Amino acid sequence: MKSANKSPITAALLLGGALLSSAAIGAAPTAEWQWQLPPGFPQPAVPADNPMSAAKVELGRHLFYDKRLSGNGTTSCGTCHLQKLAFTDGKARATGSTGEHTARSAQHLANVAWNATYTWANPALTTLERQMLVPLFGDSPVEMGLNDGNKADVLARFKNDADYRQRFASVFSGETEPVTIDNIVKAIAAFQRTLISGDAKFDRYQNGTARLTASELRGKNLFFGEKAECFHCHGSFNFNDQTFHAKTRQVETPFHNTGLYNTDGQGAYPTSSQGIIEISGKPEDMGKYRAPSLRNVAVTAPYMHDGSIATLKEVIATYAAGGRKIKRGPDAGDGRKNPHKSELIGQIQLSRQEQTDLLNFLNTLTDRHFLKDPRYADPFAKHK
Amino acid sequence: MKKLFLTSALLAAMTASAQADEVEIAFALQAGAVPVSCSGAPMPLGKSTTPARLRDARFYVQNPRLIGTDGTETPIELSQNDWQSGAVALIDFEDATGGCDGNKDTNTRITGKVAPGHYVGLAFDVGVPPELNHSNPETAAAPLDIQSMAWNWQAGRKFMKIEMLPEGGIKRATDTTRIWTLHLGSTGCVGNPAKGDAVACTHPNRAPVRFKQFDPQRDKVVLDLQSLFADAELSKDRGGASGCMSALQDPECADLFPRLGLRLTDSAPGAGNAGQPLGLDVPPMFRKAPR
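Line order of the protein sequences matches chains A and B. Residue numbering for the first sequence follows the numbering used here, beginning at 794 and increasing consecutively. Residue numbering for the second sequence follows the numbering used here, beginning at 978 and increasing consecutively.
Note that these hints are calculated values from the structure, not bench results. Any given hint could turn out to be false.
[What the hints assert, rightly or not] Some but not every residue of chain A turned toward chain B, in silico, with C-beta under 10 Å: (1) 838; (2) 842; (3) 865; (4) 922; (5) 923; (6) 924; (7) 927; (8) 930; (9) 932; (10) 1043; (11) 1074.
[Stated by the list, open to error] DMTMM-like, lysine to aspartate or glutamate: derived pairs with alpha carbons at most 25 Å apart: (12) 1172/B with 842/A; (13) 1130/A with 1022/A; (14) 1148/B with 1057/A; (15) 1148/B with 1124/A; (16) 1081/B with 941/A; (17) 944/A with 1243/B; (18) 1148/B with 851/A; (19) 952/A with 1115/B; (20) 944/A with 1122/B; (21) 877/A with 992/A; (22) 994/A with 968/A; (23) 944/A with 1258/B; (24) 1265/B with 999/B; (25) 944/A with 1047/B; (26) 1172/B with 1045/A; (27) 1075/A with 1122/B; (28) 944/A with 1019/A; (29) 860/A with 1115/B; (30) 1081/B with 946/A; (31) 884/A with 1152/B; (32) 1040/A with 842/A; (33) 1106/A with 1045/A; (34) 952/A with 968/A; (35) 944/A with 1232/B; (36) 1172/B with 1232/B; (37) 1172/B with 975/A; (38) 1024/B with 1208/B; (39) 1118/A with 1147/A; (40) 952/A with 1072/B.
Small disclaimer: the values here were computed from a predicted structure and weren't measured. Just so it is clear, CB atoms sit at the ideal spot from N, CA and C, and this is done for glycine as well.
Based on the provided sequences and hints, a complete structural model is requested.
Listed below in structure tokens is the structure:
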């Protein structure tokens, strides 16, 4: 749906702020909504049926942190997506509301507005709204534990809350019954689109307001150079390779095998999580995952789709070795020899100093303001 | 083909107001000749005739039509209600009793109207058409609004959801689990972010059914679990999901798909026919029986 909005950009936009979208799927910002984007960030694409508004974002923030959204009332989105960890949970795998474990790590949520696909390995989930139905209603594993049987009871919790009733009525004005799962999904998605991180030390260096140390600079040059080649998968303004914004015409959605496993000597990953082969069925898709954004990577340990690498130092060492060899146990195998491994993961001769420099550079991607910004915080948290 | 269908549907609709016959197709769930129910006794199923109770049995029927003497097909115009929307109907055998965990409502019939004529056969597909398959379950019309029939992970629907509880559980490499699952749906689904949440799937997995001889007043369609699980082993699972969730690499899917009348994987490298029908008139999982 083409946007015909030609209203002038107000001065509320930051320097270098985005142009109003006229993309095929873009929803024009409502009169009251203005994106506040870091310099160099393109305007996010927003589904036409879920335009942004301040009231919707605020409703979404409340719902994001509200345990009443889970079937048994014990878990909110915020339980596995903690702001101080850039909205991940510090664990290898997440635990759902009934105690079942996910196969993969909870992802961080910085800059999710620009993801082309969502989750670690699923080319079919291309909007926040569609992805959200998985943790809400999924039953293997159970995460938030909503189902056909308890949906009405869960909605009643919000209908019977005067504050929520007012918020829903105001945001979804004109709807006879605005408290629906679909509107909950829309509100939370709108909130998620505001989780924008672009004020790390690296960003300030880019904008000329901060300096990098000599080691950080060396690390940066390695990161963006043809020796370490990190930028191939972790490039872009968001340090990944699957970005989509209001003006994107053709979307790239690469997935990569980084040589973490080789359980059968022929490239197999553990059956608990094998990457996009689970969706496509193509043998060459074994072990292929989406390269996540490295923003705030210093606080999003443990690493990889299953949290199987505990520290950044070990991550760098693994890439330097061209993959991971596991000597013992049920997952033993030499991932370095995985036949489906990306050609970009060669054996990189990185000296100890170079690995330290890379680590120091990655630490410059932490945006301390994002981790504390009250606009993204838990409205139900007790004040300390 | 689609255009022809729509034109016929329009004609049928026009003549429906003037003159149309009511038609009802009855479905039944059985293990061989024995009716199956949620609270019924365990039935011997699978290669090892493992006693198993029912946990769920539901499937979508799309585009039901009657076959004339010359082979032409006339669509059944479905009555629109909570079980039928457009040309899609949900058959639901589970009633939340016994081992079943869904809801008490059941639906074992398809009802609608058809232009008067001399019909000898019945055809339908197990599935949801692509243009509806990826609709939002939270806003779609019934019966496409049921979350347990949604397959949010592949951004679509489960065309068929059959779940069994074999006695003794299902032994896997590292544990024993409880529920043996068949979830049939389109796979190889890829979204196009540039088109919102539009999704296209390379493996459709819609199972066509064609009874050349079928009289709705005398015959019913039987979903026969004994036949469906004839080549499967319900006491074990060798990999992937417990049972089969339509994944190409899942060994249990290789046992089930031929019984669904579907090709799981490419017939030869590069053939590109994974997820297409095998070309049978009636998949082994179905047969005709007297009402």
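Go through the numbered hints given earlier and state which of them the structure violates, listing their numbers in rising order.
Numbers 3, 17, 18, 22, 23, 25, 27, 28, 33, 35, 36 and 40 - these are the hints that the structure violates, sorted from lowest upward.
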